[in-house]
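Asks: Chain by chain, the residues:
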Amino acid sequence: MSRALRNFEWYPAHGEVLITLAFLSIIMFLYEYLERKKDDRFALLRLSPWAGASIYGAAIWLTLAYASRAGSSFIYFQF
Amino acid sequence: MVLLILAVSVIGYVGAISAERWQPRKRAILWIVVVLLLSILGYFKYANFFVEGFVALAPYLGFKPSAIVLEIILPIGISFHIFQTLAYVVDVSRGDYLAERDFIRFTSFTMFFPQLVAGPIERAHDLLPQFAAPRKIDRKLMGHAFHLIVIGYFFKIFVADSAAEIANVAFREDQPSGWWTVFGTLAFGLQIYGDFLGYSMIAKGVAALLGFELSWNFAHPYWATSIREFWQRWHITLSRWLRDYLYIPLGGNRGSPFAAPRNTLITMALGGLWHGANWTFIACGAYCMGSPWPSIIPWGGGSRLKMPLGRSSLGPSPCWLCSSGGSCFVRRIGRKSRE
Numbered sequence: 001m002s003r004a005l006r007n008f009e010w011y012p013a014h015g016e017v018l019i020t021l022a023f024l025s026i027i028m029f030l031y032e033y034l035e036r037k038k039d040d041r042f043a044l045l046r047l048s049p050w051a052g053a054s055i056y057g058a059a060i061w062l063t064l065a066y067a068s069r070a071g072s073s074f075i076y077f078q079f
Numbered sequence: 080m081v082l083l084i085l086a087v088s089v090i091g092y093v094g095a096i097s098a099e100r101w102q103p104r105k106r107a108i109l110w111i112v113v114v115l116l117l118s119i120l121g122y123f124k125y126a127n128f129f130v131e132g133f134v135a136l137a138p139y140l141g142f143k144p145s146a147i148v149l150e151i152i153l154p155i156g157i158s159f160h161i162f163q164t165l166a167y168v169v170d171v172s173r174g175d176y177l178a179e180r181d182f183i184r185f186t187s188f189t190m191f192f193p194q195l196v197a198g199p200i201e202r203a204h205d206l207l208p209q210f211a212a213p214r215k216i217d218r219k220l221m222g223h224a225f226h227l228i229v230i231g232y233f234f235k236i237f238v239a240d241s242a243a244e245i246a247n248v249a250f251r252e253d254q255p256s257g258w259w260t261v262f263g264t265l266a267f268g269l270q271i272y273g274d275f276l277g278y279s280m281i282a283k284g285v286a287a288l289l290g291f292e293l294s295w296n297f298a299h300p301y302w303a304t305s306i307r308e309f310w311q312r313w314h315i316t317l318s319r320w321l322r323d324y325l326y327i328p329l330g331g332n333r334g335s336p337f338a339a340p341r342n343t344l345i346t347m348a349l350g351g352l353w354h355g356a357n358w359t360f361i362a363c364g365a366y367c368m369g370s371p372w373p374s375i376i377p378w379g380g381g382s383r384l385k386m387p388l389g390r391s392s393l394g395p396s397p398c399w400l401c402s403s404g405g406s407c408f409v410r411r412i413g414r415k416s417r418e
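So the protein sequences, as listed, match chains A and B.
Just so we're aligned, residue 1 is where the first sequence starts under the working numbering, counting upward by one.
Just so we're aligned, residue 80 is where the second sequence starts under the working numbering, counting upward by one.
It is possible that part of the hints are untrue.
[Unchecked claim] The calculated lysine to any residue pairs, modelled on SDA-like cross-linking and capped at a C-alpha distance of 25 Å, are:
1. A/K37 x B/W295
2. B/K219 x A/L45
3. A/K37 x B/G222
4. B/K105 x B/K219
5. A/K37 x B/F297
6. B/K219 x A/Y56
7. B/K215 x A/R46
8. B/K219 x A/F42
9. B/K219 x A/Y31
10. B/K219 x A/L34
11. A/K37 x B/L177
12. B/K219 x A/R36
13. A/K38 x B/L177
14. B/K219 x B/S294
15. B/K219 x A/L47
[Claimed, not checked] Over the 12 Å line for every Cβ pair with chain A, so calculated as not near, a few chain B residues:
16. F191
17. A212
18. K219
[What the hints assert, rightly or not] Chain A stretches covered by chain B per the calculated footprint, using a threshold of three residues with CB under 8 Å from any CB of chain B:
19. 19-27
20. 40-51
21. 59-65
Don't read these hints as lab results, they were simulated from the structure.
Only a predicted model underlies this, so the values are computations on that prediction, with no experimental measurement involved.
C-beta: ideal position from N, C-alpha, C; glycine also.
Produce the entire structure from the sequences given, and follow the hints as far as they go.
Replies: Following this line, the structure appears as structure tokens:
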């Protein structure tokens, strides 16, 4: 493991991974930022109907689009 | 599985009524219930861990045992189920809650489907009365259920499973590069959070569809600015359980200056062991102690946890890296030890 920290050579494929991670992190960040800003766990529900429909629509579409992947079971089921 | 859950429920039901009825002997009854429930948990979850530990240690003690591996299937959600039942019996024996006489209502509480397999671990006074009260299912509750289920599935399937693809590559490598170590650490932090937050939201949403309200299990843990705050925001119902039924009975932060660190260490190590029968989980518990003492005692400050959503913070903090790093360490070393 410590040997890994001596090998920081950058490959073009790393950029793709980094963008994916940044994208996923930004989604989580924005969701939590909105909740914290509004001090409301259901802040998304209070958005304007168009904004709400777009966000929930996108969430449902992405969930269905990615549902066919070989997903893993919930991690906490093993406990 | 159903018989096992039923057996645990019967132990809890009979134990609580007995402890309430025979007050002078309630301590002995409580110990019997604790031993019975922890024996069941120990057999199903930790038998192989202790057998393997004994086999590894035996040569140093002059024995030569043959390696035995018991083929025990771990029933899904057994830890959550036993912890919830145990908490109920302790609450009744302390006089904090009256024993439930209606067996159907009680088993509905212990076997409540939405939170049966992975929590949240509900306290009796929060969930049991909801079975007796008339349920009101209105448009607002349905809205909340819709939000929780849609966003919960999104976090699990899109966020967590996408992050898992990156984390799996990083952890599959024997000698990952520096960048893959960083990517794997960040990805696993996203994966475990998206996965468990997603599950908790779906569980809460399904319960809302049935007219029940379950506890929140997360309060933006990656916005925490210390390890202590992190544990107040991560898997809240387990943290509360450990505080109320382990840390405080051990003495909490009362007594000598070493009492709080010692009790925290025991609690965190057992909390780590709860997550899995492996030394790596105990090590993870110890890892969580890697901060200055005053800031790591999650339950030292007050009797109730308060974590308003609007509390100001610096934003997602190094706790993400810190907790992800610890989890990755457990996952990586755990994989090595299984090979």
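Asks: Take the hints in turn and mark each one as holding or not.
Replies: Do the hints match the structure? See the list:
no.: 1; hint: A/K37 x B/W295; result: 18 Å, holds
no.: 2; hint: B/K219 x A/L45; result: 10 Å, holds
no.: 3; hint: A/K37 x B/G222; result: 21 Å, holds
no.: 4; hint: B/K105 x B/K219; result: 43 Å, violated
no.: 5; hint: A/K37 x B/F297; result: 17 Å, holds
no.: 6; hint: B/K219 x A/Y56; result: 17 Å, holds
no.: 7; hint: B/K215 x A/R46; result: 22 Å, holds
no.: 8; hint: B/K219 x A/F42; result: 11 Å, holds
no.: 9; hint: B/K219 x A/Y31; result: 21 Å, holds
no.: 10; hint: B/K219 x A/L34; result: 20 Å, holds
no.: 11; hint: A/K37 x B/L177; result: 40 Å, violated
no.: 12; hint: B/K219 x A/R36; result: 21 Å, holds
no.: 13; hint: A/K38 x B/L177; result: 38 Å, violated
no.: 14; hint: B/K219 x B/S294; result: 17 Å, holds
no.: 15; hint: B/K219 x A/L47; result: 15 Å, holds
no.: 16; hint: F191; result: 16 Å, holds
no.: 17; hint: A212; result: 22 Å, holds
no.: 18; hint: K219; result: 9 Å, violated
no.: 19; hint: 19-27; result: holds (count 5)
no.: 20; hint: 40-51; result: holds (count 5)
no.: 21; hint: 59-65; result: holds (count 4)
Hints 4, 11, 13 and 18 from the list above are not met by this structure, while the remaining hints are.
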